[in-house]
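Asker: Build the full structure now, drawing on both the sequences and the hints.
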Amino acid sequence: MRYFIFLSYDGTNYHGWQIQPNANSVQQTLNQALTTILRTEVTVTGAGRTDTGVHARLMVGHFDLPLQEGEDGRRKGDIIKERLNSLLPWDIAVQKVMPVRDDANARFDATSRTYKYYICKEKDPFSRRYACQIRAELDYTLMNKACELLFHYTDFTSFSKLHTDVKTNNCTIMHAAWTRQDDNTWVFTIKANRFLRNMVRAIVGTLVDVGLHKNDLDGFRRIIEGKDRCIAGQSMPGNALFLTNIEYPEDLFI
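In my numbering, the protein residues as written are 1 to 254.
Derived by calculation from the structure, the hints in this document are not laboratory data.
Please note that a few of the clues may not be correct.
When the alpha-carbon atoms are kept at most 25 Å apart in a straight line, the in silico DMTMM-like pairs for lysine to aspartate or glutamate are as follows [unchecked claim]:
#, residue 1, residue 2
1, K96, D216
2, K116, D216
3, K123, D10
4, K76, D102
5, K214, E148
6, K121, D183
7, K161, D10
8, K96, D78
9, K191, D10
Answerer: Dropping the structure here:
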């Protein structure tokens, strides 16, 4: 039987989601925990990959596990969840483990993904690990006007990490906007059907240049149309970025 696992994690101590040699990853930690409690080798396929230091309020993965005759799939999922939460480190938590159709795929069946990026102006010891401090005044009104330009394009090569193995750099952005969370914090929320490697942090870095009046709306448009990562803004620090939601068709769940 195939299961979807819904989890959250603090990415501070991990070199991203994906397994890599000689580095601690969320995927490897989760695989090891599942293999331990189920006494059979289990590999979780994630809905995507988060980079070093990036957090997830919601990540989804799938894995396969034989179901013994007479076992209830939902009940087994609940048991796996409880046992995982007892074994996993404090910075990874499982919300639910649910049976899905045998052909369900956590990556390819996702209809949208949402990220949030946090910027604070004043020094704050309680948000330093989860927000990027920028002391300069940012023009968020102009930055939101630049966000509106994103909806007119689908090719975001200019915001993609170089030399990736994807077949297309096309994405459909459904939402992109800055909102004020409190007196010290602004949050950028972006939702799309898919994201390229480093895409959100590159977009934020380019928007920050607009907010600092180092670039204008025409310049932002030219960056997108240029399809060249070298002309876009810097990649912002990963500690302020959160994957917050992934959506799926309801008919995947059984």
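Asker: Is the straight-line distance between the alpha-carbon of K121 and that of D183 25 Å or less?
Answerer: 9 Å, holds
Asker: K96 and D216: Cα distance at most 25 Å?
Answerer: Violated, because 45 Å separates the two Cα atoms, which is more than 25 Å.
Asker: Are K161 and D10 close enough, with their CA atoms no more than 25 Å apart?
Answerer: 23 Å, holds
Asker: Within a Cα-Cα threshold of 25 Å, do K123 and D10 meet the stated pairing?
Answerer: 21 Å, holds
Asker: Quick one, are K214 and E148 close enough, alpha carbons at most 25 Å?
Answerer: Answer holds: K214 to E148 is near 18 Å, not above 25 Å.
Asker: Check the hint pairing K76 with D102 against an upper bound of 25 Å on the C-alpha distance.
Answerer: Answer holds: K76 to D102 is near 16 Å, not above 25 Å.
Asker: For the pair supplied as a hint, K191 and D10, is the alpha-carbon distance within the 25 Å limit?
Answerer: 21 Å, holds
Asker: Do the alpha carbons of K96 and D78 lie within 25 Å of each other, as the hint requires?
Answerer: Satisfied, since the Cα-Cα distance of roughly 7 Å is no more than 25 Å.
Asker: Are the Cα atoms of K116 and D216 separated by 25 Å or less?
Answerer: 23 Å, holds
Violation of the numbered hints given earlier is confined to hint 1; every other hint is satisfied by the structure.
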